[in-house]
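*Asks:* Spelled out from the first residue to the last, the chains are:
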Amino acid sequence: MIETLVLLGVAAFAAGAAGAVLGVGGSVLLIPFMSIGLGLDMKTAIATGLLSVIGTSAGAAAPYLRQGLANVRLGVLLAVGTSSGALAGALVAVDLDSRYLFATFAAATLGVGAYMARAGETARERAWRPAPAPSGRLRLDGQYFDPEDAAFYRYTVARPGTGVLAGVGAGALSGLLGVGGGFVMVPAMTGVMRVPLKPAVATSSMLLGITGAASAAVYLAGGFVDPLLAMAALLGVSGGTRVGIRFMRRTPERTVRLAFAALLVVVAVLMGAQAFAGGAVP
Amino acid sequence: MKETAEPLRVALDRVEALRQSVTAAQASLKQLYSLILAAGFAVALSSMVLGIAIAAAEGTPLPREVVGLGDLGSQLSIPTPGALITLGVLVLVVTPAAALVGSAVWLARSGEWWAALLAGIALANVALGAVLGHV
Numbered sequence: 001m002i003e004t005l006v007l008l009g010v011a012a013f014a015a016g017a018a019g020a021v022l023g024v025g026g027s028v029l030l031i032p033f034m035s036i037g038l039g040l041d042m043k044t045a046i047a048t049g050l051l052s053v054i055g056t057s058a059g060a061a062a063p064y065l066r067q068g069l070a071n072v073r074l075g076v077l078l079a080v081g082t083s084s085g086a087l088a089g090a091l092v093a094v095d096l097d098s099r100y101l102f103a104t105f106a107a108a109t110l111g112v113g114a115y116m117a118r119a120g121e122t123a124r125e126r127a128w129r130p131a132p133a134p135s136g137r138l139r140l141d142g143q144y145f146d147p148e149d150a151a152f153y154r155y156t157v158a159r160p161g162t163g164v165l166a167g168v169g170a171g172a173l174s175g176l177l178g179v180g181g182g183f184v185m186v187p188a189m190t191g192v193m194r195v196p197l198k199p200a201v202a203t204s205s206m207l208l209g210i211t212g213a214a215s216a217a218v219y220l221a222g223g224f225v226d227p228l229l230a231m232a233a234l235l236g237v238s239g240g241t242r243v244g245i246r247f248m249r250r251t252p253e254r255t256v257r258l259a260f261a262a263l264l265v266v267v268a269v270l271m272g273a274q275a276f277a278g279g280a281v282p
Numbered sequence: 001m002k003e004t005a006e007p008l009r010v011a012l013d014r015v016e017a018l019r020q021s022v023t024a025a026q027a028s029l030k031q032l033y034s035l036i037l038a039a040g041f042a043v044a045l046s047s048m049v050l051g052i053a054i055a056a057a058e059g060t061p062l063p064r065e066v067v068g069l070g071d072l073g074s075q076l077s078i079p080t081p082g083a084l085i086t087l088g089v090l091v092l093v094v095t096p097a098a099a100l101v102g103s104a105v106w107l108a109r110s111g112e113w114w115a116a117l118l119a120g121i122a123l124a125n126v127a128l129g130a131v132l133g134h135v
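As they're listed, the protein sequences go chains A and B. Numbering-wise, the numbering used here puts 251 at position 251 of the first sequence, and it's gapless, one number per residue. Numbering-wise, the numbering used here puts 98 at position 98 of the second sequence, and it's gapless, one number per residue.
Among the hints, a few may not be true.
[As the list claims (entries may be wrong)] Per the computed footprint, the stretches of chain B lying under chain A, defined by three or more beta-carbons under 8 Å from a beta-carbon of chain A, are: (1) 54–62; (2) 82–92; (3) 115–123.
[Claimed, not checked] Covered stretches of chain A (in silico footprint by chain B; criterion: 3 or more residues with CB under 8 Å from a CB of chain B, positions within the stretch not fixed): (4) 48–61; (5) 71–80; (6) 200–210; (7) 213–222; (8) 230–243.
Bear in mind the hints are in silico, worked out from the structure with no lab data behind them. Ideal Cβ placement from N, Cα and C applies to all residues, glycine included.
Whole structure, please, built from the sequences with the hints as guidance.
*Replies:* Given below as structure tokens:
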């Protein structure tokens, strides 16, 4: 048992660091590791993954907010979509065959990864772009200081309605598979809503906690939470998150984007393999 | 020339003052949200670590299941390792919702009713998730 906890802690550290840098909750890496690598029950893995999502969110979003990178109003708007989707996803998950879940997951992550690798617009090019009326009414526009360029950027938010719809999809995946949904929300914010990558990653970190909380409550009440696994994951994630945030502030945007795309391909292969193996969700 | 430049300078000063006030207001909301997240995370982690420490000191086996809500209060009064770890898990799950509550109140007090309403809807969804989990 100690070996399992140590391995989980190390994996959670890596997942936390990756999550903070890439704006994903970390469970997108942890759940395949726990279910495939450690052979844990899938629902326990999902519950532990969701708690690590919340831990990553709390650990990463707080400094991002203090640094002025995260956009609270945008996060609140998108949380309407992600929390609604998480509820719907949790309800549907009970009756859906796990093979379809894994296959859908693999296809979605592969598509998003390809999109992220292809997009090449910089934060500077997106700054000061005019926004449609709803963005102005909801005061979603933001500003941040980028140490990479030593420059102060302002940005506008486009297509908030489409972003909320993307949030419903991300939340549904969270409810179904226990992931935070950041791997959908970051591309949605950068590609569809025209938010620069660093504020998108920071806002996604904040958003993951809300989405994860809606799903985690279901698993907690269902008795699927193993407190020791949760503890190991949380300690690992909290340490990894601190390391990841340091990298986030100084890592070039292109590096973050390509690392994110590569990560999604790995996840897609893992999930695809699970789908062909018959699925692991009991 | 001086007569032309003076009104322009005054106008620019007013715009800058307005910008700074908006920036300060945004920073205030972010600080509130950040404070709630950081505090919740610290309490959750501390409670879990304390639970593990007590278990290690007493030589009792580490808990593998969370304590039910009905028994949590009585076990916390002792306190048992399982209760402390369960409290940590609960605080962790509740922390994002608490940050949403804080944001909703802040936005409502600032007259941003649309944003406050959105925060309320997201909060209702999180609460509904907790209710559905018990069904």
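*Asks:* Next, verify each hint and record whether it holds.
*Replies:* Going through the hints against the structure:
no. : hint    : result
1   : 54–62   : violated (count 1)
2   : 82–92   : holds (count 7)
3   : 115–123 : holds (count 5)
4   : 48–61   : holds (count 7)
5   : 71–80   : holds (count 6)
6   : 200–210 : holds (count 3)
7   : 213–222 : holds (count 10)
8   : 230–243 : holds (count 5)
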